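Fit the two chains together into the complex; they arrive one by one in their own frames, and the hints show the way.
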Amino acid sequence: MTEKQVGTWAVKVGLAQMLKGGVIMDVTTAEQAKIAEDAGACAVMALERVPADIRREGGVARMADPTKIIEIMEAVTIPVMAKARIGHFVEAQVLEALGVDYIDESEVLTPADEENHIDKHQFKVPFVCGCRNLGEALRRLGEGAAMMRTKGEAGTGDVVEAVRHARSVLGEIRRIQNMRPDELMHVAKELGAPYELLKQTAELGRMPVVNFAAGGIATPADAALMMQLGVDGVFVGSGIFKSDDPAKRAKAIVEATTHFNDPDILAKVSRGLGQPMSGLAARAIPEKEQLAVRGW
Amino acid sequence: MKIGVLALQGAFIEHIKILRARDVEAIEVRKPEQLRDLDGLIIPGGESTTFGKLAVEYGLIEPMRALCAAGKPVWGTCAGMIFLAKEIGRAQPLIGVMDVTVKRNAFGRQVDSFEIDLDIPALEPRAPFHAIFIRAPLIASVGKGVEVLAKLDDGTIVAARQGNLLATSFHPELTNDARFHKFFLKNVKSR
Numbered sequence: 001m002t003e004k005q006v007g008t009w010a011v012k013v014g015l016a017q018m019l020k021g022g023v024i025m026d027v028t029t030a031e032q033a034k035i036a037e038d039a040g041a042c043a044v045m046a047l048e049r050v051p052a053d054i055r056r057e058g059g060v061a062r063m064a065d066p067t068k069i070i071e072i073m074e075a076v077t078i079p080v081m082a083k084a085r086i087g088h089f090v091e092a093q094v095l096e097a098l099g100v101d102y103i104d105e106s107e108v109l110t111p112a113d114e115e116n117h118i119d120k121h122q123f124k125v126p127f128v129c130g131c132r133n134l135g136e137a138l139r140r141l142g143e144g145a146a147m148m149r150t151k152g153e154a155g156t157g158d159v160v161e162a163v164r165h166a167r168s169v170l171g172e173i174r175r176i177q178n179m180r181p182d183e184l185m186h187v188a189k190e191l192g193a194p195y196e197l198l199k200q201t202a203e204l205g206r207m208p209v210v211n212f213a214a215g216g217i218a219t220p221a222d223a224a225l226m227m228q229l230g231v232d233g234v235f236v237g238s239g240i241f242k243s244d245d246p247a248k249r250a251k252a253i254v255e256a257t258t259h260f261n262d263p264d265i266l267a268k269v270s271r272g273l274g275q276p277m278s279g280l281a282a283r284a285i286p287e288k289e290q291l292a293v294r295g296w
Numbered sequence: 001m002k003i004g005v006l007a008l009q010g011a012f013i014e015h016i017k018i019l020r021a022r023d024v025e026a027i028e029v030r031k032p033e034q035l036r037d038l039d040g041l042i043i044p045g046g047e048s049t050t051f052g053k054l055a056v057e058y059g060l061i062e063p064m065r066a067l068c069a070a071g072k073p074v075w076g077t078c079a080g081m082i083f084l085a086k087e088i089g090r091a092q093p094l095i096g097v098m099d100v101t102v103k104r105n106a107f108g109r110q111v112d113s114f115e116i117d118l119d120i121p122a123l124e125p126r127a128p129f130h131a132i133f134i135r136a137p138l139i140a141s142v143g144k145g146v147e148v149l150a151k152l153d154d155g156t157i158v159a160a161r162q163g164n165l166l167a168t169s170f171h172p173e174l175t176n177d178a179r180f181h182k183f184f185l186k187n188v189k190s191r
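Line by line, the protein sequences give chains A and B.
For what it's worth, the numbering used here labels the leading residue of the first sequence as 1, then goes sequentially.
For what it's worth, the numbering used here labels the leading residue of the second sequence as 1, then goes sequentially.
If you're looking for bench data, these hints aren't it; they were derived computationally from the structure.
Possibly wrong hints are sitting among the right ones.
Distance windows between CB atoms, simulated [said to hold, decoys possible]:
id, chain 1, residue 1, chain 2, residue 2, range
1, B, A70, A, Q122, 49 to 55 Å
2, A, E114, B, P125, 42 to 48 Å
3, A, E196, B, D117, 25 to 31 Å
4, B, V148, A, K248, 42 to 48 Å
5, B, D39, A, G59, 55 to 61 Å
6, A, P208, B, D37, 53 to 59 Å
7, B, D117, A, T29, 50 to 56 Å
8, A, P181, B, R20, 25 to 31 Å
9, A, Q122, B, P128, 45 to 51 Å
10, A, R180, B, E25, 32 to 38 Å
11, B, D117, A, E57, 36 to 42 Å
12, B, P125, A, E31, 32 to 38 Å
13, A, P208, B, D177, 41 to 47 Å
14, B, D154, A, K248, 43 to 49 Å
This structure is a prediction, so every number in the text was calculated from the model and none was measured.
In this text, a Cβ means the ideal position worked out from N, Cα and C, and glycines have one as well.
The following block holds chain B by itself, in its conformation from the complex (with noise of 0.2 Å):
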């Protein structure tokens, strides 16, 4: 199995070194070959508009729209979910491919950043997960066939599933608690 992790800018060595301690080959990507052979691509955090302006300018978009289209298991955490949404009520390059509408910046600035622990009942084992949320986006609303997988107690999107994309808005890469990552491979595997 072999995971690629978008490398263009934010916490990718977060999620590489969660996916390797876990003896699973990790990539980091900067360029469309390096997407080739891949059985499964994470998103990290980091800005993205950053991502955005880079992933343009070195033609990665196509490809990455390809590999969702194809069935591969994408995750987007953060920057990385508004990275997948179809709509966030703004301009910017985006892959589009995941039927959510995403707000960025939803909480407000970093002094209203925050964790909190969620109840997220597709994990194993079912426990609380403790979430970090910086700069967040939250998911508006969600179109047919994509599951919720995690609200706030006021009833706020925060994760989501649709096939094969999986999007949250907070980020498992800055716990010890790899729950998440093994739900995603999980996903990876069974394809």
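The following block holds chain A by itself, in its conformation from the complex (with noise of 0.2 Å):
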């Protein structure tokens, strides 16, 4: 191979790699961009608003303007993910052609297809795509993703549901990893997986891509919870320019992310960080309400 080969697997796989444990911050201009690389976030999302935000003012949730978009890759040096609707193949192309670094195909977002996902094989820009449960990872998988994220419950600060959704998966790769091929083969039924990649990661005892948590992270002890759990890093959303102080808190998600495994580090940059985002209790939004449960 002596010509240059973009796009390929290892590449969409490769940068997803490169940004574990580390915190990917939801920006909604290049003024809080700024902010989260200044305090070490490994990626920004661009959007509109953030999910707390979409949630309390309900309406049509759509890919973020361009303009917008273009001035928050302008104004940072780290990569930047933009989200598009599920099954919204048209938004993906627009901001592959924007030039974004990832593509969350999110269900934070209206859902554009209720049936479909986008076929993310046909990108040169690598996806990202949220999960519930190993099936529904190995099933965008499938169709191309190159990273995943449990989708948690976002823009409630409540951490339960991304508690959940990490443990269904993480259990469910435990769960597998003694089991025979026959045995196997009938999990997949059970799951809706696609066999090959169920037993890939069965052999390899974790998901063949990397898999973060996302969707109520709100404090760092949240941050450090979700990676003792064995996410590979956090994304987080309202979490930081919902609370009092986002500057502080954005950077010391960061260091509790980093040490997670040391209480003592958790201890000191816990203190002082002014009120969290407000939050809601994910048990009280009613079932239709939800944003984990779009996707299919």
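Put into structure tokens, the structure is as follows:
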């Protein structure tokens, strides 16, 4: 291979590998993107409204205005991700043309297709997708996602759903590791997961791509909790810019993600951060208003 | 032999796995005391701005400079190469010990990330090395005493060595080819 090959599986998965152990922060303006970068974020997610506002204001949530995405891309040197609606492959084409570094096919936006997700193999830009369980994760990988994140319940500041989904995915991986091939085929049927990807996951003892946690992480301790449960990094959405002191909280969450196994450092960085986002108990949200149930 | 891998953020596990598969003791480094008694250090790929913030906050910059000054082999891949460079054309915290000028994100954004086979004469046995470049930096110029190890066809410098310091734009830790790790470990053994 003496010619450059772009858009390959190795470079798509590889960028996610470089993000590991880091914090990806939702930002809506160039100023917020700078604050995130200065706090040590390993990437930012450019969007029009943070999930807490989408939840409060309602209406149709779409891909962000390209002008805004370009402003954010020009403001920082770290990777910039942006969200497309589930199944909206033209929003994804627009984001690829803009040059974003990763596309999040996200349940936080209003789905454009209630059956099909984007055929992500058709793109040079890599995709990250949400999952609640291993079957959902492996279906997304089958469609070409190069990175996963557990969904949690975005815009709540309540970590309970993030924990539920991470435990579900990681627990299912532990369960399949000692299974025979014939048993794996049965599990593949049960989970609705592609057999080859399930077999690969069982052999590796982990998903074949990087897996972050998302949805409800609001404090340094929340981030460290997810890391100790076994995810590779964290997304923080509303948790930073809906808190009293975003710059300080962002920096504290970055430090907690690096030093997730060091309670002395966690105690130190958790002090004096002001009020976290006010939050909304995930349990109090009626099922039809839950974001995590979007995606199939 | 004990090798540290800077584990503030990024692809540190990949390096550790390759080292351990070769029966080399490898530890994650997040705090200054973990730099003691090391025979060598690897700074992995990741985000160089994130490394910088955390390295300053946790007092790692000076001890890492001291390790480099003591002649211990130190290898930076991608963000690690940026972290070792003396000059990168913008203000951000660096170890700043290697006499090279590095340009960040030099090939463009993620859609321009690429794979290519390189000829790297220093590696044994000599055969094309499959190199993965992810939002990669390049070496724009090298100072005296810096040996260029690999170039793209257009002459772009993508790997170099200066005494105990080694830098690569690409990610040998993302492939199954351990020749670059062997090359680094040979350097560690000879000191």
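Structure-based check of all given hints:
| no. | hint | result |
| --- | --- | --- |
| 1 | B/A70 - A/Q122: 49 to 55 Å | holds (51 Å) |
| 2 | A/E114 - B/P125: 42 to 48 Å | violated (55 Å) |
| 3 | A/E196 - B/D117: 25 to 31 Å | holds (28 Å) |
| 4 | B/V148 - A/K248: 42 to 48 Å | holds (44 Å) |
| 5 | B/D39 - A/G59: 55 to 61 Å | holds (60 Å) |
| 6 | A/P208 - B/D37: 53 to 59 Å | violated (36 Å) |
| 7 | B/D117 - A/T29: 50 to 56 Å | violated (43 Å) |
| 8 | A/P181 - B/R20: 25 to 31 Å | holds (28 Å) |
| 9 | A/Q122 - B/P128: 45 to 51 Å | violated (29 Å) |
| 10 | A/R180 - B/E25: 32 to 38 Å | holds (36 Å) |
| 11 | B/D117 - A/E57: 36 to 42 Å | violated (52 Å) |
| 12 | B/P125 - A/E31: 32 to 38 Å | violated (53 Å) |
| 13 | A/P208 - B/D177: 41 to 47 Å | violated (19 Å) |
| 14 | B/D154 - A/K248: 43 to 49 Å | holds (45 Å) |
When each numbered hint is compared with the structure, violations occur for hints 2, 6, 7, 9, 11, 12, 13.
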